[in-house]
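Engineer: Note that the protein sequences, when read in sequence, are chains A and B. The first sequence begins at 1 in this note's numbering and counts up by one. The second sequence begins at 1 in this note's numbering and counts up by one.
Calculated from the structure, these hints are not laboratory results. We treat Cβ as the ideally placed atom computed from N, Cα and C, and that holds for glycine. Among the hints, a few may not be true.
Listed next, with one range per pair, are the computed distances between beta-carbon atoms [said to hold, decoys possible]: (1) A/Ala78 x B/Gly68: 52 to 62 Å; (2) A/Gln35 x B/Gly68: 44 to 54 Å; (3) A/Asp449 x B/Arg83: 21 to 31 Å; (4) A/Gly57 x B/Arg75: 17 to 27 Å; (5) A/Gly57 x B/Arg83: 31 to 41 Å; (6) A/Asp449 x B/Gln80: 49 to 59 Å; (7) B/Gln80 x A/Val38: 24 to 34 Å; (8) A/Ala78 x B/Glu66: 24 to 34 Å; (9) A/Leu77 x B/Gln80: 48 to 58 Å; (10) B/Thr12 x A/Ala78: 27 to 37 Å; (11) B/Gln40 x A/Leu77: 44 to 54 Å; (12) B/Ala23 x A/Val38: 48 to 58 Å; (13) A/Val97 x B/Thr12: 54 to 64 Å.
Short, incomplete list of chain B residues facing chain A, as computed with Cβ under 7 Å [as the list claims (entries may be wrong)]: (14) Gln47; (15) His55; (16) Lys77.
Some but not every residue of chain A turned toward chain B, in silico, with C-beta under 7 Å [said to hold, decoys possible]: (17) Val61; (18) Cys65; (19) Pro217.
Below are the chains, spelled out letter by letter.
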Amino acid sequence: MWARVTNALRVIFHRRAVERDLDEELRFHLDMQAQEHVRRGLPPEDARAAAQRSFGGYERVKEQCRDARGARFTEMLAQDIRFAFRTLKSSPGFALVAVLTLGLGIGANTAIFSVINGVLLRPLPYGNADRLVLIRQAAPGSGRPNVNVSIKEYFDYREQAHADFDALVEYHQMNFDLLRRGDPDRVNTGVVSHNFFEVLGIQPILGRSFRAEDDTPGAEPVLILSYTYWQTKFGSDPNIVGQVFQMNDRPHTVVGVLPNVPHYPQENDVYMPVLACPFRAAAEQRIAQNRRAFAALVVFGRLRPGVTRERAAANVEAICGRFARENPRVYRPESGFTATAADVRGELTATARPMLLILMGTTGLILLIACANVANLTLARLLRRDRELAMRTALGAGRGRLIRQLLTESTLLSMTGGIVGLVFASATIDLLVLFVGRFTARTGEVSIDPMVLGFTLVIATVTGIIFGTVPALSTRVDLVTALKDGKGAGTSLGHRRIQSGLIVIQVAVSVVLLVSAGLLLVSFYKLQQVDPGYRTDHVLSADAFGNFSKYPNGTALLKFYVPLIERLQQQPGVVAAAVTNAVPFTGAPGSTPFQIEGRPDDNPDRRPTADINIASPQYFDALGIPLIAGRGFSEMDHQEAPAVALINKSMMRYWDKRDPIGSRISVDNGQSWQTIVGVVGDVRQYGLDQEAIAQVYIPLRQAVAGLAGRVLVRTKGDPFEAAGIIRNTIQQLDPEMPVENVNTLAELRSTSLARPRLTATLLAIFAGLALFVTLAGITGVIATSVSERTREFGIRMALGAEAHAVVRMVLGQGMALVLAGLALGMIGSFFATRVLSGFLFEIEPTDPLTFLSVSLVLLAVAAVACFLPARRATLVQPTVALRST
Amino acid sequence: MNKLKTDLLQGTLDLMVLRILEAGPNHGWGISQRIQQISQDVLRINQGSLYPALHRLEAQGWIDAEWGSSDNNRRAKYYQLTRAGRRQLAQETENWTRLADAITRVLETA
Chain A
1 MWARVTNALR
11 VIFHRRAVER
21 DLDEELRFHL
31 DMQAQEHVRR
41 GLPPEDARAA
51 AQRSFGGYER
61 VKEQCRDARG
71 ARFTEMLAQD
81 IRFAFRTLKS
91 SPGFALVAVL
101 TLGLGIGANT
111 AIFSVINGVL
121 LRPLPYGNAD
131 RLVLIRQAAP
141 GSGRPNVNVS
151 IKEYFDYREQ
161 AHADFDALVE
171 YHQMNFDLLR
181 RGDPDRVNTG
191 VVSHNFFEVL
201 GIQPILGRSF
211 RAEDDTPGAE
221 PVLILSYTYW
231 QTKFGSDPNI
241 VGQVFQMNDR
251 PHTVVGVLPN
261 VPHYPQENDV
271 YMPVLACPFR
281 AAAEQRIAQN
291 RRAFAALVVF
301 GRLRPGVTRE
311 RAAANVEAIC
321 GRFARENPRV
331 YRPESGFTAT
341 AADVRGELTA
351 TARPMLLILM
361 GTTGLILLIA
371 CANVANLTLA
381 RLLRRDRELA
391 MRTALGAGRG
401 RLIRQLLTES
411 TLLSMTGGIV
421 GLVFASATID
431 LLVLFVGRFT
441 ARTGEVSIDP
451 MVLGFTLVIA
461 TVTGIIFGTV
471 PALSTRVDLV
481 TALKDGKGAG
491 TSLGHRRIQS
501 GLIVIQVAVS
511 VVLLVSAGLL
521 LVSFYKLQQV
531 DPGYRTDHVL
541 SADAFGNFSK
551 YPNGTALLKF
561 YVPLIERLQQ
571 QPGVVAAAVT
581 NAVPFTGAPG
591 STPFQIEGRP
601 DDNPDRRPTA
611 DINIASPQYF
621 DALGIPLIAG
631 RGFSEMDHQE
641 APAVALINKS
651 MMRYWDKRDP
661 IGSRISVDNG
671 QSWQTIVGVV
681 GDVRQYGLDQ
691 EAIAQVYIPL
701 RQAVAGLAGR
711 VLVRTKGDPF
721 EAAGIIRNTI
731 QQLDPEMPVE
741 NVNTLAELRS
751 TSLARPRLTA
761 TLLAIFAGLA
771 LFVTLAGITG
781 VIATSVSERT
791 REFGIRMALG
801 AEAHAVVRMV
811 LGQGMALVLA
821 GLALGMIGSF
831 FATRVLSGFL
841 FEIEPTDPLT
851 FLSVSLVLLA
861 VAAVACFLPA
871 RRATLVQPTV
881 ALRST
Chain B
1 MNKLKTDLLQ
11 GTLDLMVLRI
21 LEAGPNHGWG
31 ISQRIQQISQ
41 DVLRINQGSL
51 YPALHRLEAQ
61 GWIDAEWGSS
71 DNNRRAKYYQ
81 LTRAGRRQLA
91 QETENWTRLA
101 DAITRVLETA
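Between the sequences and the hints, there should be enough to build the whole structure, so can you do that?
Structural biologist: This is the structure we're talking about:
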């Protein structure tokens, strides 16, 4: 066995030596035989001739010896590759075009796959990732697919589900100020159960994780830093453990630093135990009265060994069903409140998945087009190689051998294309990561790793086989005619049909891509045109949240905000200044039930709901929200004045045609009532594609319980210049107040449009690419067809046909193909664009206008692509054409 | 004399070559001469079958090749039996004997 391997290797690497040896060995025999004949009395020349005769076919014997060696396959493969190399080198133009086309197709697929690999396929980088599940609550009846868990609910799960979980941990995110050497850092703080990191399977690289003792009332507050925060703000100080920092007016000791892994569910700078969070601690006191107090938790757990997710999900659902039934006032039956145990990785990537799959489909289609193109090119080239193929057949190559040779060529091309594609993909991967970052947090793991390389290899090989098979199978060599006149004597009809078929497919696929891109572009355009109900120009927003310990209640906050507004309004260049809790494009709508005074309130569980916003008087001026009826807020609406409220236009429907002004509403179950003094315009607060909902506005001074904290300023000039003014004014009043998220509304709006914009752009680029490749293919095929038919055109023109008649003929034949492809593509688009309906805004997936425009554009461009080579047909001189062969 | 068909005697040819080489290393010409000699000219091995057979046996590892100098001081490729080849020879001889015996018995008795 081993001898065979060494033998085979020897044949491959020392081919020449082996050949020499064989030759010498056989020659020795010949000479000896001749000598023998001489000894028997034959004259020398006759002896030689006799010896050779009895040898019987010198070359054939050699061939048989080579066969016997058993290294046939690898030897032939090596020979094929060498030959393929030589042939391709002799047509560098073809090779270059083919490699580039394939490189683009393969590269696009590699790039998208590397993203899919990093985001969707790779397991989470946590030790216990396969046993982690997320407790997800939902109220589908109220249109809320995701409801955060409250403290009491978390306790319920923890107590009742321990059969399936060996640990259930909670998480929520806060923003606190960490005073680092005097500078306040607004840090994203993850507030977690003490065994949080242990459940995830993360070990700190410095210090220790939290212990149960850290999470008891009265324990000294401790902190764990994230790797990035430690690296950037503390310069990876190795002595960080043990240092103390002020947070929320209490000293916190650093006890550990996390390794450099992505954070789940959100990126945080520091982590603290649950009871160190003052809001959570305060809320926990209230859970007896309010089941849903502090409904801000993310809960996930580790399954016990052997427990399946499905079983745990059933158990969780049962527990939820129980407490929902026991508390119908809190969990209204029609809300369909339920819970399940969801796969963690799926949750993280849910937003990105459909988009990525669409992209994968798109790049797959582009590769198909590229293959069709190169197949056509190869076919055209084969027509010119008839003579060579005929010769090889005469020399003994079977059809299988020829096909193998052609496949080797095509695979060589596609492998080279694959390398080009890898280069192309690695160049564009950073851009792609930026794009995907809008959809998911898992972008840190996107890279070109062995999995991606393997994928590229497979795709390149399959591509080579696909576009090599089509022309290869069509070669039927007619020996006699081929050798005689050496011109394309292969079945030209068969070739023509294949080429036409490929063109039709290419056009059809391009149409599907163009229609998809068109729909997304129109959708994006419409989104951009949406009137949000407020003006986004010249408005700056900034977050200034009061430190909880310094501002323990609304009164204290007002002492800060009211002077802040006054000072800002006095600044030159400031047209209006306001403080609110609701900046457009941020946040999510709340739904607070409200009552209208004087209306029957039979069923407190079925009250209508509205979004409650806090607004200082100039809020509406700052945002340009029109006042429709009544009056806005003023300085008169302070704490001691009668409680007032504003409603928006959408909310007017609850009053039918009657005037709502003067009515009183309550948003806190009748404890306090506000009089409606005016109606303002609707705003699309939470995104341009969201409908306006019922909104109630409460004046800042009268909103004691609210956590306002966002400053809005309308400026006369460039809003950016106001950033410094806002910062200074705030810090004059309170040097420790951090100022964050300073954005112009125009920027926020642009960010909210980012996803649809990027999606439309990306798909448009792909569609353009596809169209370009297809057009190139059309031009190429028609050009070769024209050059083949020069003789025919020559005859036609000699017989009196006008030039433009010839052009029309060629054009007609080309456009016939395009039309066929167009029809096919339209049908395909009809079904394919359903996939996009989730991404489309105010446009149907079968929008006739888009389909029509794409058709017109395609026909126009294709006509040009056909016309150029057609025109060349007419430049042929009839005499020249007739003479040529 | 008869030129025996290759396909009929391929296995037998291998057997004979191995046997000849058991007596000592030899080159292709020598082997064919020896077979012709011993069989008293009945078996004249076609070079077209001998050399492929030799190369096949070498590829399979039953024989080893080495370049040496022949009687008349010419470079020639000498083959010799390997240990595995020796085992193979014993095996093949046994098979052949059994086969030949069986055929002979049929011819005699039937």
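Engineer: For the hint 24 to 34 Å, verify it against the beta carbon of A/Ala78 and that of B/Glu66.
Structural biologist: holds (26 Å)
Engineer: Given the hint of 17 to 27 Å, check if A/Gly57 and B/Arg75 actually sit that far apart at their C-beta atoms.
Structural biologist: With Cβ atoms ~24 Å apart, the hint holds.
Engineer: Per the hint of 48 to 58 Å, is the separation of the Cβ atoms of A/Leu77 and B/Gln80 within bounds?
Structural biologist: Violated: the Cβ-Cβ distance is about 32 Å, outside 48 to 58 Å.
Engineer: Given the range 54 to 64 Å, decide if the beta-carbon distance of A/Val97 to B/Thr12 lies inside it.
Structural biologist: Roughly 58 Å apart at Cβ, these two residues keep to the hinted range, so it holds.
Engineer: Given a hint of 52 to 62 Å, does the C-beta separation of A/Ala78 and B/Gly68 actually sit inside it?
Structural biologist: violated (30 Å)
Engineer: Regarding the hint that B/His55 lies at the interface with chain A, is the smallest CB-CB distance below 7 Å?
Structural biologist: At 4 Å from the nearest chain A Cβ, B/His55 passes the 7 Å test, so the hint holds.
Engineer: Should the interface hint for A/Val61 be scored as holding, given a Cβ-Cβ cut-off of 7 Å against chain B?
Structural biologist: holds (5 Å)
Engineer: Please check whether B/Gln47 passes as an interface residue: C-beta within 7 Å of a C-beta belonging to chain A.
Structural biologist: Holds, because the Cβ-Cβ distance from B/Gln47 to chain A comes to roughly 5 Å (cut-off 7 Å).
Engineer: Does 21 to 31 Å hold as the CB distance between A/Asp449 and B/Arg83, or does it fail?
Structural biologist: With Cβ atoms ~49 Å apart, the hint is violated.
Engineer: Check the following: the C-beta atoms of A/Gly57 and B/Arg83 are separated by a distance inside 31 to 41 Å.
Structural biologist: At roughly 35 Å between Cβ atoms, B/Arg83 and A/Gly57 fall inside 31 to 41 Å, so the hint holds.
Engineer: Note whether the CB distance of A/Gln35 and B/Gly68 lies within 44 to 54 Å or breaks it.
Structural biologist: violated (18 Å)
Engineer: CB of B/Thr12 to CB of A/Ala78, is that within 27 to 37 Å?
Structural biologist: Holds: the Cβ-Cβ distance is about 34 Å, inside 27 to 37 Å.
When the structure is compared with the earlier hints, violations turn up for hints 1, 2, 3, 9, 12 and 19 and for no others.
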